[in-house]
Amino acid sequence: MTTLPPILMTRPKLIDLARQKLPCSSRLIPSAQLIKEKEDIDHYVEVNFKGLSKEEVAAYRNSYKKNICVDMLREGYHESFTELFALMEQWETLRVATTQSIFWTQKPLEDQLDKLDYLYHHLTRAEATERKGHFEEVYNNLYALACFFDNAEDKWVRNHFYERCFQIAQLIKIDGGRKEAEAHAHMGLLYEEDGQLLEAAEHYEAFHQLTQGRIWKDETERFLNMWACESLLRTYRLLSDKMLENKEYKQAIKILIKASEIAKEANNKKMEGEALYYLGLAHLAAEEQNTAMTVLKAYSKISTDLQDDLSLGRAYEAIAKVLQSQRQMTEAIQYLKKIVNITKSNFQNIDVVKASTMLGDIYNEKGRYNKASEYFQQAFDTTVELMNLSLIDETKVHYGIAKAHQMMLTMNNYIESADLTSLNHLLTWKERRSDGDLEQVVSPDNQK
Numbered sequence: 001m002t003t004l005p006p007i008l009m010t011r012p013k014l015i016d017l018a019r020q021k022l023p024c025s026s027r028l029i030p031s032a033q034l035i036k037e038k039e040d041i042d043h044y045v046e047v048n049f050k051g052l053s054k055e056e057v058a059a060y061r062n063s064y065k066k067n068i069c070v071d072m073l074r075e076g077y078h079e080s081f082t083e084l085f086a087l088m089e090q091w092e093t094l095r096v097a098t099t100q101s102i103f104w105t106q107k108p109l110e111d112q113l114d115k116l117d118y119l120y121h122h123l124t125r126a127e128a129t130e131r132k133g134h135f136e137e138v139y140n141n142l143y144a145l146a147c148f149f150d151n152a153e154d155k156w157v158r159n160h161f162y163e164r165c166f167q168i169a170q171l172i173k174i175d176g177g178r179k180e181a182e183a184h185a186h187m188g189l190l191y192e193e194d195g196q197l198l199e200a201a202e203h204y205e206a207f208h209q210l211t212q213g214r215i216w217k218d219e220t221e222r223f224l225n226m227w228a229c230e231s232l233l234r235t236y237r238l239l240s241d242k243m244l245e246n247k248e249y250k251q252a253i254k255i256l257i258k259a260s261e262i263a264k265e266a267n268n269k270k271m272e273g274e275a276l277y278y279l280g281l282a283h284l285a286a287e288e289q290n291t292a293m294t295v296l297k298a299y300s301k302i303s304t305d306l307q308d309d310l311s312l313g314r315a316y317e318a319i320a321k322v323l324q325s326q327r328q329m330t331e332a333i334q335y336l337k338k339i340v341n342i343t344k345s346n347f348q349n350i351d352v353v354k355a356s357t358m359l360g361d362i363y364n365e366k367g368r369y370n371k372a373s374e375y376f377q378q379a380f381d382t383t384v385e386l387m388n389l390s391l392i393d394e395t396k397v398h399y400g401i402a403k404a405h406q407m408m409l410t411m412n413n414y415i416e417s418a419d420l421t422s423l424n425h426l427l428t429w430k431e432r433r434s435d436g437d438l439e440q441v442v443s444p445d446n447q448k
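Take the sequence shown: its letters are residues 1 to 448, numbered as in UniProt numbering.
Don't take every hint at face value.
[What the hints assert, rightly or not] Below, simulated BS3-like cross-link-like pairs (lysine-lysine); rule was C-alpha separation at most 27 angstroms, straight line:
1. Lys321 x Lys396
2. Lys254 x Lys301
3. Lys264 x Lys321
4. Lys247 x Lys258
5. Lys337 x Lys269
In case anyone wonders, no lab produced these hints; they're calculated from the structure.
Modelling step: build the complete structure from the supplied sequences, incorporating the hints.
Following this line, the structure appears as structure tokens:
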């Protein structure tokens, strides 16, 4: 992307004069008061500013917005005037549409003098250079405006200039397509933010194609092709998420395979691993367990090679889910225990909770309630440390159920013993309801 140096903006005399006074009030003023104010202004000007031209008098009398527009027309920048006027009208339309909203606190565009100055400066420069056929300069001025308005409240203005940049970029033939590539990137972002993912993907694909084999870099020294790959993979993943929600498994897998190929071409192992992870999950959702296992093991190998413990933990978690779906519980437990060890050493407490809960579920399903209770307690204690209320409630329920199962097993063993000592233990527990009153009399299998 192009980095533009700060520009010292010069203003015509009319605008400089107008800037010395505040903009006109936006409130409604009675006609009689307006006439009186006009007469007072005329008298004041006549007494204090003899020799001023009509234009100079107008600069004091008119609003800053009007002076900007008049100056544009007087200097022959009719297209700049039309564009500025259209932006002001669009702002007014947005204001009217959101009048009832308590979140609409933005000042009118005509009252933001610095923004008007910036618009005047770059719009007129863009128009002047366009007349000479210097389209790269036109692009630079429009892009400067897009960057200036790149904030939450002015995003619609930024998007307007992104679209203008895209139109002009098609006319630039001297840079090998760099400006066109950047314009596609900005249009992709515009559509992505608006949730139009298919349109965003089209622009990112064009961005990727134009930057292939190029060594172009942006101002942060990032290769444009890498930027294109990252943008494409992000959009493909969002698209695949929607497809999986709609159970369009084949389409999701198809687009994620495409993402994996792009990541591989980028020669970035981290990116390639991420693409394989989401592809593996898509195969799992489609109940293609064998393919999912192959893909996820490739992801775990990349994570191991990169010595990326967090990614390795994610790989093991996904592999454990595949093994669970295949009813291979012993192997799933082994992977989940690895996750707990990895996440504990990296202080990833949320992942400890997830892995411990999964282990508790497996042991609970196998009837090994002591082990289930142990891992659910570990998950619960970790959420208490995190002070995560929603997770505390969830893990507390899991832990409570496992403890109930554990106590049920002990009580059954006491009842089956049918001796006086066991009966006394049960009666004592009934009076106090304390875990300590129930000694753990369990089978050898449940001690493992």
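To see whether the hints hold, each was checked on the structure:
Between Lys321 and Lys396, the direct Cα distance comes to roughly 23 angstroms. Compliance with the 27 angstroms bound is thereby established for this hinted pair. For the hint pairing Lys254 with Lys301, the CA-to-CA distance comes to about 23 angstroms; that is within 27 angstroms, so the pair holds. For a cut-off of 27 angstroms, the pair hint linking Lys264 to Lys321 stands: about 26 angstroms separates their Cα positions. Using a Cα cut-off of 27 angstroms, the hinted pair Lys247 and Lys258 holds, with the two alpha carbons roughly 19 angstroms apart.
Of the pairs offered as hints, the one joining Lys337 and Lys269 holds, with about 26 angstroms between alpha carbons and a cut-off of 27 angstroms not exceeded.
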